[in-house]
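There are 2 protein chains.
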Amino acid sequence: MSEYLIPRKNNEKILFIVLDGAGDRPAPRTPLQAAKKPNLDALAARSACGLLHPMAPGIRPGSGVAHLSIFGYAPSDYPGRGVIEALGSGVALAPGDGAVRCNFAVKRNGVITDRRAGRIGDAEARTLAEMINAELGTKRLSFVHVKEHRCAIVLRGIGACNISDSDPEREGSAPQPIRALDGESKDAAKTVARFIGDAERLLQDSAANAILTRGSGAYKRIDGFAERYLLNAACVAGYPQYRGVGRYLGMKIIECSDDELGEKGIAERFDKAIAALHSSDFVYMHLKALDEFGEDGDWERKRKYIEIYDRHFAKLRGIGAFVVVTSDHSTPASLRSHSGDAVPIMISGRGVRCGGVKRFDEISCSSGTLGHIRGADVMPLLLDIADKVKKYKA
Amino acid sequence: MSEYLIPRKNNEKILFIVLDGAGDRPAPRTPLQAAKKPNLDALAARSACGLLHPMAPGIRPGSGVAHLSIFGYAPSDYPGRGVIEALGSGVALAPGDGAVRCNFAVKRNGVITDRRAGRIGDAEARTLAEMINAELGTKRLSFVHVKEHRCAIVLRGIGACNISDSDPEREGSAPQPIRALDGESKDAAKTVARFIGDAERLLQDSAANAILTRGSGAYKRIDGFAERYLLNAACVAGYPQYRGVGRYLGMKIIECSDDELGEKGIAERFDKAIAALHSSDFVYMHLKALDEFGEDGDWERKRKYIEIYDRHFAKLRGIGAFVVVTSDHSTPASLRSHSGDAVPIMISGRGVRCGGVKRFDEISCSSGTLGHIRGADVMPLLLDIADKVKKYKA
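Line by line, the protein sequences give chains W and X. Under our numbering, the residues of the first sequence are numbered 1 to 394, in order. Under our numbering, the residues of the second sequence are numbered 1001 to 1394, in order.
Please note: incorrect hints may appear among the correct ones.
As the list claims (entries may be wrong) - In silico lysine-lysine, BS3-like type, Cα no more than 30 Å apart, as pairs:
no., chain 1, residue 1, chain 2, residue 2
1, W, Lys-391, X, Lys-1147
2, W, Lys-358, W, Lys-13
3, W, Lys-13, W, Lys-393
4, X, Lys-1393, W, Lys-391
5, W, Lys-393, W, Lys-315
6, X, Lys-1013, W, Lys-391
7, W, Lys-391, X, Lys-1304
8, W, Lys-393, X, Lys-1190
9, W, Lys-390, X, Lys-1220
10, X, Lys-1186, W, Lys-390
11, W, Lys-252, W, Lys-190
12, X, Lys-1013, X, Lys-1220
13, W, Lys-393, X, Lys-1147
14, X, Lys-1393, X, Lys-1315
15, W, Lys-393, X, Lys-1220
16, X, Lys-1009, X, Lys-1304
17, X, Lys-1107, W, Lys-390
Claimed, not checked - To list a few chain X residues with every Cβ distance to chain W over 10 Å, as calculated:
no., residue
18, Arg-1025
19, Glu-1130
20, Lys-1390
It should be emphasised that the hints constitute simulated quantities derived from the structure, not laboratory data. Just so it is clear, the structure is predicted and the values come from calculations on it, not from any experiment. Heads up, the beta-carbon is just placed ideally off N, CA and C, and yes, glycines get one too.
Turn these sequences into a full structure, and let the hints steer you where they fit.
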């Protein structure tokens, strides 16, 4: 329906908060149902509430493609996690550049014994990456550190970069051979496989002695928020993946610490997001912790962090912006993984249709006035409520 | 989904009432929430209720394309407002004929000082239009009066007629040059621009001394209600635009006065619509006033007219038809324009699933048994409840 969305500029501000992986399944209650969260619930009472299928009912998305979907982009616009993380790490990519996401790992007798190299620290990993890049980097290939055990291979002007992952996804298995997944990516597969072999020879005496690849893709230019929505947008996120989403969509990246768990890091995100509203029409703010606790199967910590987040939501009273709170997908603790369950969404601001929902959770929001919507509906609904659209076929 | 809809004829009658622009935003209540409307609310209690996105969530449609959407037609079926208003004014169009909607206006020193020529009366405007047509009309071009300050240029056999508007949309600006918006419409643009110049020379001593164009298109034949739904349909509407929608869809036009505000004019519409059910399977009845009050920012008058309309709804008890009440779009008084907010819809008649909704408004209907539907869903739901469809893949 995007051809029917005709944006126009005005002075209204939008704060869009993604509680990554917040949705859950009742056990017997969900963390959102169980948490004491007076501020989120008060916000729900003055919001239009609903449930959001990030892609479509039952579809279980990765975080990157889920974010694109709720920002109004098609799955085919997703350039692959390698590209997103490279962008989020500050790597400049031009159309046709390829990027491959990597982990430092530990290999013994040809078998991966630690897929994350003991969650190697930033300083050590950066030193290793710089050493490898100094030895093996060329005009066509560079190797960059991203965060902790994560790195990226950048292939300049490769054109296509759709290759299989070497990561066996569990410890005790050998790395998988890297293969081209289409006819045009043979050069990328061969280049990456040769690079990994060479790099692992350089790493043979290091604690991290292997590099696993997971996620590849080639960068392409798409219409960002400025072009598609006439929104001057900013991104407040600690993780490279989410900064990468923001950068891919043309948002200004607001630097912030990678502290997702400390009160200070959480406060920093709220403060910087609120401050960014002065110079931006749209601010996307990302909070990561709930997703991690879901993946860890830690229902209780998920509940606890909702309560911690809730205290910071008090700061949003009176900021004079439309505020959206939602999630990119559910990460049920019982599943220890993403699920396709719908997530709650609420939109507050002048003129929204409040409908008696008093709590921000998966069950309460299912009877809200927004109904049950899909990712592709979010931006049209939001731009309409903020009066940032023109009539189609006046 | 229309390929799965296989219509069949029966004797059931459907009355389809469009309260133009009825939907609103809470301020703190909507006019529909605030109005005392015992008859509409009693009808809601015996209806299946829901919310309707006329096109899709958040999309802000013009009235014409919104009507087509809730009648089951695609935006690409919309032939442009020029064609719709010409049809609604009784102009006969053949495939390939173009139509351009015009206003009489006032120009001083090259600048438009009144876009509607003081809302010039019907008689005076008709006289001017007939004078111009007598002087400049040819086999290929005619100029016809529509209503008040509104006229239309008809271009016979032009083929394509996708041209820009000369209306600057505000007073104090000069008219815009008329340009072809596609390669095939160059002839139309040149012909219209030359005609406007010649006509304004004839008007130079008149109170209305300028003609502005807004909305163009070429007529095409589409399957109407008879072909698509096997419905013998009639249209009761005062405004040319809505009569034009009816005529475009092959409905019989029931003549009625243009009195949208008087009790007599409103009663006439209800009476003629109810009477038309004797000879028609489907009667579309249009009431315009709420949209105008929304555009005027007049929340209170919108509320008041809902109460006036409500008294007439008492006449619908016992008419033995399925009755649909809905709106083509919201026109929030706070916005003074159309919005993409969903509108309430209710369908009453034998066998509908009543679900405890007791009021016909935007909030109450959001929890009705119809759920939240889109324009394209309306006719399939309605034909199904009236048993006017066959099984798909029996």
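Taking the hints in turn, this is what the structure says about them:
This hinted pair checks out: W/Lys-391 and X/Lys-1147 have alpha carbons roughly 23 Å apart, not beyond 30 Å. Simply put, W/Lys-358 and W/Lys-13 have alpha-carbon atoms about 24 Å apart, close enough for the 30 Å limit, and the pair holds. Restraint check for W/Lys-13 and W/Lys-393: the C-alpha separation of about 26 Å stays at or below 30 Å, so the hint holds. Of the supplied pair hints, the one linking X/Lys-1393 and W/Lys-391 is violated, its CA atoms being roughly 39 Å apart against a limit of 30 Å.
Restraint check: the Cα-Cα separation between W/Lys-393 and W/Lys-315 comes to about 40 Å, which exceeds 30 Å; the hinted pair is violated. Restraint check for X/Lys-1013 and W/Lys-391: not satisfied, since their Cα atoms lie roughly 34 Å apart, outside the 30 Å limit. Taking the CA atoms of W/Lys-391 and X/Lys-1304, the gap is about 26 Å. The hint holds against a cut of 30 Å. A distance of roughly 23 Å separates the Cα atoms of W/Lys-393 and X/Lys-1190; the hinted pair therefore holds under the 30 Å criterion.
Annotation: proposed proximity of W/Lys-390 to X/Lys-1220 holds, straight-line Cα distance about 26 Å (limit 30 Å). About 27 Å separates the Cα atoms of X/Lys-1186 and W/Lys-390, which keeps this hinted pair within 30 Å; it holds. Simply put, W/Lys-252 and W/Lys-190 have alpha-carbon atoms about 35 Å apart, too far for the 30 Å limit, and the pair is violated. This hinted pair checks out: X/Lys-1013 and X/Lys-1220 have alpha carbons roughly 29 Å apart, not beyond 30 Å.
With a C-alpha separation of about 21 Å, the suggested pair W/Lys-393 and X/Lys-1147 falls inside the 30 Å cut-off, and the hint holds. Between X/Lys-1393 and X/Lys-1315, the direct Cα distance comes to roughly 40 Å. Violation of the 30 Å bound is thereby established for this hinted pair. Distance check on the hinted pair: W/Lys-393 and X/Lys-1220 sit about 17 Å apart at the alpha-carbon level, within 30 Å; holds. As the CA atoms of X/Lys-1009 and X/Lys-1304 are separated by approximately 40 Å, the hinted pair breaks the 30 Å bound.
Pair hint X/Lys-1107 plus W/Lys-390 holds up; C-alpha atoms about 27 Å apart against a cutoff of 30 Å. Listed as outside the interface, X/Arg-1025 is inconsistent with that label: its C-beta sits roughly 4 Å from the nearest C-beta of chain W, within the 10 Å cut-off. In this structure X/Glu-1130 is separated from chain W by more than 10 Å, as the shortest Cβ-Cβ distance comes to about 29 Å. Against the 10 Å criterion, X/Lys-1390 stays outside the reach of chain W, whose nearest CB is about 28 Å from its own CB.
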